[in-house]
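Protein chains in written order, with my numbering: chain A, 296 to 716; chain B, 41 to 155.
It should be emphasised that the hints constitute simulated quantities derived from the structure, not laboratory data.
Please note: incorrect hints may appear among the correct ones.
Straight line, CA to CA, 27 angstroms or less: simulated DSS-like cross-link-like pairs of lysine-lysine [stated by the list, open to error]: (1) K65/B with K99/B; (2) K154/B with K90/B; (3) K65/B with K379/A; (4) K154/B with K379/A; (5) K99/B with K154/B; (6) K155/B with K379/A; (7) K99/B with K379/A; (8) K90/B with K479/A; (9) K479/A with K87/B; (10) K479/A with K99/B; (11) K150/B with K479/A; (12) K154/B with K74/B.
What follows is a set of in silico ranges between Cβ atoms, one per label pair, in the way DEER data are often shown [what the hints assert, rightly or not]: (13) L499/A with H43/B: 18 to 24 angstroms; (14) K45/B with I376/A: 51 to 57 angstroms; (15) K45/B with L549/A: 52 to 58 angstroms; (16) I456/A with R61/B: 20 to 26 angstroms; (17) I448/A with L72/B: 54 to 60 angstroms.
Note that beta-carbon positions come from the ideal geometry of N, C-alpha and C, so glycine has one too.
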Amino acid sequence: MSEAFSLKREEFYPYLFLFSFSCVLIISGFALASPGELREGILLIIEDPDYLISDYIGVGGMGAAFFNSGALSLMIVILFITQKTRITGISVASVFTVAGFGFLGKNILNVWFIIIGVYLFALFTRESFSKYVYVAVFGTALSPLVSQLMFGISAPLLLRIILASLTGLSIGFILPTLASQMLKVHHGFNLYNLGFVSGVVGTLYVSLFRSYGFLTQSRMIWTTGNNAILGVFLVLLFSMMIITALVIGNKGLLRSQVSLWQYSGRLITDFIALEGWGPTIFNMGIMGLFSSFYIILIRGDLNGPTLAGIFTLVGFSAFGKHLRNILPIFLGVGLGALTKSWAITDPAIQLAALFGTTLAPVSGEFGWKAGVLAGFIHSSVVLNVGVLHSGFNLYNNGFAGGIVAMVLVPLLEVMIRRDSV
Amino acid sequence: MIHDKQRIARMAEELISDLFRYDCKDMDLRILDKEGFYTISISGYCKGMKSREIERIRKLLNQPRNSQMEEYYWGLSGDSDQDTEFSLLGIMSDEVELNYDEGSGTLFIKLTRKK
């Protein structure tokens, strides 16, 4: 089991899978806009402040948003190749998450400052950067802070560049130390761990900036009316995944699916290592179809933010999520919408359902009732924590999920598993 | 490596917690710090473990060493109060040895980790 990597046959196909996914997004971008529109749209996306909620389909157009998402995920795949990363469940989750947030706040410019910051940390500690590659990729949750400082404040250009660069680099520099230590807070029951870490770090930075009069207006760029075109795209994409799974792992695929459902999903549950590629891609396809139809059936909106939610959910379906542990979360958020002062189609609640599945391990470990409770509480918490970081932490649901897990898990341990270690 | 010794301590703690979870008794833990590698061995009296439980542990432990995942998730080791973290031990180890003697009910696990 010693660690070795070379781009051999067994590594080639996983990379091909991620590469193909990125290329589908890029090609879709070219199909949806002319080269001129793409160029203009990408520039608009790069210059946008990006903080929540900034739907890139509304900012730069659908073609540019698709291109940005595909180019960004392709860059991450190339980063993985350069760092000799063996593709596992977390690698798939990170590429899909980045692709998703390529529609909602991450762009081909703003992510690099944080990634380079992590690289500087590796240099400082004389460790290999490859060890921190996941922290670097997920850590880009705070990229909008870089965009806002570079393009969203009125100051001389040089000062803005210096301020944005220093902020991005320093965030990247401190994240590796915190990423592993903060897992203890939620005991691995919040799948979007870097979302929690970024929420705390983002709160710290924004508090400092606010002390110097740095204030942002809340924003809501949320496109509607694209359910047909995006619905067709998603159904085709996830159907292709299911067909791929059937081709590469037709033997006992359904049995493997049931076997997969036995895992709680708590960090770390790598479905690729445990059940293989066929069952994992099958699970991803099923979860993609489920989440897409959920948005369509509740008459929600398929757009940049919900695509981010769907892609992130699908990515983490290689690393802990399956229908059995996410359904109670959806139910909990739905129950909240019935009894609280908002509707299930409110933008933030659509996102709370999709991203709230960060708490899927709670239902996987403690049962469906605990999952419903987690979803119910999460939908309230997520609406109240964004103000702490002014929407600059793109993984706001990961932040909220960490807080919910931090409180809920110890209580559930005592109430449900009194005889545990 | 940052927190190298702390990681070994956490792995040992994780093994103890996991064996407690399988209701093991009379445990012996041994940690060796050798030139170039560590070994962490644990043996315990774990009467009545089912073969599918042993196979599950073997499956979770038998994951290749993955320093990238380790760097992100090692903080979870020794934190097992519910689900087993054998997966994490697997990615933090270069070699794994697991034996279970049904007759005596003795479970033995040895993890080797290169420095």
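Given the hint that K154/B pairs with K379/A, does the C-alpha gap stay at or below 27 angstroms?
-> holds, 19 angstroms
Take the C-alpha atoms of K154/B and K74/B, compute the straight-line distance between them, and say whether it is at most 27 angstroms.
-> Roughly 9 angstroms separates the two Cα atoms, so the pair holds.
CB-CB spacing for R61/B and I456/A relative to the 20 to 26 angstroms hint | violated, 53 angstroms
For the range 54 to 60 angstroms, tell me whether the beta carbons of I448/A and L72/B fit it or not.
-> This hint holds: roughly 57 angstroms between Cβ atoms.
Taking only the CA atoms, is the gap from K150/B to K479/A under or equal to 27 angstroms?
-> Satisfied, since the Cα-Cα distance of roughly 25 angstroms is no more than 27 angstroms.
Quickly compare the C-alpha distance for K99/B and K154/B to 27 angstroms and report which way the hint goes.
-> holds, 21 angstroms
Within a Cα-Cα threshold of 27 angstroms, do K155/B and K379/A meet the stated pairing?
-> Since the Cα atoms of K155/B and K379/A sit roughly 20 angstroms apart, the hinted pair holds (cutoff 27 angstroms).
Within 27 angstroms, alpha carbon to alpha carbon, are K99/B and K379/A?
-> Measuring from Cα to Cα gives roughly 24 angstroms; hence the hint holds.
Does the structure keep K479/A and K87/B at a Cα separation of 27 angstroms or less?
-> Cα-Cα ~31 angstroms, so violated.
Has the given pair, K65/B with K99/B, been kept, meaning a C-alpha gap of at most 27 angstroms?
-> holds, 23 angstroms
L499/A and H43/B, beta-carbon distance inside 18 to 24 angstroms?
-> Cβ of L499/A to Cβ of H43/B: about 23 angstroms, so the range 18 to 24 angstroms holds.
Indicate whether the distance between the beta carbons of K45/B and L549/A respects the range 52 to 58 angstroms.
-> violated, 46 angstroms
In the structure shown, a violation is registered for the earlier hints numbered 2, 3, 8, 9, 14, 15 and 16, in ascending order.
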